[in-house]
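Undergrad: These are the residues of each chain, in order.
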Amino acid sequence: MTAPDDRMLTETGLTPAGRGRVLVIGCGALAHEILALKRANGWHHLDLACLPAIWHNHPERIAPGIREAVTRHRAAYDKILVAYADCGTGGDLARTCAELGVEMIEGPHCYAFFDGLDAFAARAGDEITAFYLTDFLARQFDAFVWRPLGLDRHPELTETYFGNYDRLVFLAQTDDPALDARARDCARRLGLAYERRATGYGDLARFLQERA
Amino acid sequence: MAEDDDDLILSDLPDEELVPQMHDDLYDGLKDEVVEGVEILLERGWTPYRVLTEALVAGMTIVGNDFRDGILFVPEVLLAANAMKAGMGILKPLLVETGAPKLGKMVIGTVKGDIHDIGKNLVSMMMEGAGFEVVDLGINTDVDEYLGALEKERPDILGMSALLTTTMPYMKVVIDTLTEKGLRDDYIVLVGGAPLNEEFGRAIGADAYCRDAAVAVETAKAFVARKHNQAAAG
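Protein chains in written order, with this note's numbering: chain A, 1 to 212; chain B, 1 to 234.
Note that these hints are calculated values from the structure, not bench results. For glycine and all other residues, C-beta sits at the position ideal for the given N, C-alpha and C. Careful, some of the hints might be misleading.
Said to hold, decoys possible - Simulated restraints, written as ranges between beta carbons of each label pair:
#1 A:Asp166 - B:Asp69: 31 to 39 Å
#2 A:Glu106 - B:Ala222: 37 to 45 Å
#3 B:Glu218 - A:Arg21: 50 to 58 Å
#4 A:Arg211 - B:Gly89: 53 to 61 Å
#5 A:Gly163 - B:Arg202: 30 to 38 Å
#6 A:His73 - B:Glu133: 53 to 61 Å
#7 A:Asp175 - B:Val135: 47 to 55 Å
#8 B:Arg68 - A:Gly200: 42 to 50 Å
Put together the whole structure using the sequences plus the hints.
TA: Listed below in structure tokens is the structure:
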């Protein structure tokens, strides 16, 4: 399939295409990475559906959205996997997945599983002043950060929002100099120091490898 | 704002027009105009406490109501809050000199591991505006810092804030420690933050969850009044 459009992934998500046996229902912010893993591993039996990535900013919508999607697609697949971590749902998603009998990714959010849960946890104490971006969020910085916080209209609020942060850590899934430059510019706009950390697909790859 | 307002001379307005104009300016986040309005009212002999309550707090209450009702959003509330903060900057030292009703005292902080303080700062400001003395411990506050401040300040209220689902469980650590030390009933414990809800507040043993700054003020007033009534009855 052709690469899905970021705007569609952000706002509406992705409808599954194919006739696989396993369906991954994930955050739209993970679509490119999951499709890359599917291509690299030849997982032809795996289809992908995505919920709107912008729910990153509205975590209360995620668990009900997963419940609806699992219920809708369940009959068509042997197995469904949920490519979300807790993602700000405060345990709601884990409870929903347990009730539905589907597996989800461990950990607090995608930053943690891209970085590797153990590594992220080990660094947590030293990085409470770090603001994270992934490949997707670096590309969609304006849609996920700049505009929702009103910084396009009121850049003077940058200090109010980010004054307690000291750095932006770009968790890079791919080696892309253009994206690196974009993430660096995001750091500049927020008035933060910049650090790039190559993570690859981290625990997302392991989750899919072991279960798909 | 309309073009006419650009030409508005605040000092030309009588009090009954100036105060609503200050509410509008606060709503629009016009810091300089709010400061100017505060200075004018003080020059006209208003007490600092009256300026605070009738011009600033009343204006910010309108902002809070429209935020609650989905008419205003966080950026606009922050601009209004910054304008109010500027006005309060003038009033605070004067309030100390002239005296103002004191409803009670609150120690507040964002919990350990969390650096988000926008909500906490709004609560602090509105609590001060309502007549509470606020001791703000800042961000990333661990249990020892909370306990130390409680011992030193002897407040009526302990407020804890968190923005992250990963940090909000720390509130329970603090409350459990208070319980272990036999101190839990000495304080009204209020909690808040975007990922919290009433159920969470109850589960960790807080007295109340406050969904926004206005609710925090009303809840604090109600609990402090109850505490005083109990003390009087006892």
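Undergrad: For each hint, tell me whether it holds in the structure or not.
TA: These are the hints, each one checked on the structure:
Look at Asp166 of chain A against Asp69 of chain B: about 36 Å separates their beta carbons, and that is inside 31 to 39 Å. Taking 37 to 45 Å as the suggested C-beta distance range, the pair Glu106 of chain A and Ala222 of chain B conforms, at roughly 41 Å. Taking the beta carbon of each, Glu218 of chain B and Arg21 of chain A are about 55 Å apart, inside 50 to 58 Å as hinted. Range check, Arg211 of chain A to Gly89 of chain B: Cβ separation about 57 Å, and the 53 to 61 Å hint holds.
A hinted range of 30 to 38 Å holds for the C-beta pair Gly163 of chain A and Arg202 of chain B, which are about 33 Å apart. In this structure, His73 of chain A and Glu133 of chain B meet the distance hint of 53 to 61 Å, their C-beta atoms being roughly 56 Å apart. Range check, Asp175 of chain A to Val135 of chain B: Cβ separation about 49 Å, and the 47 to 55 Å hint holds. Range check, Arg68 of chain B to Gly200 of chain A: about 44 Å between beta-carbon atoms, so the 42 to 50 Å window is met.
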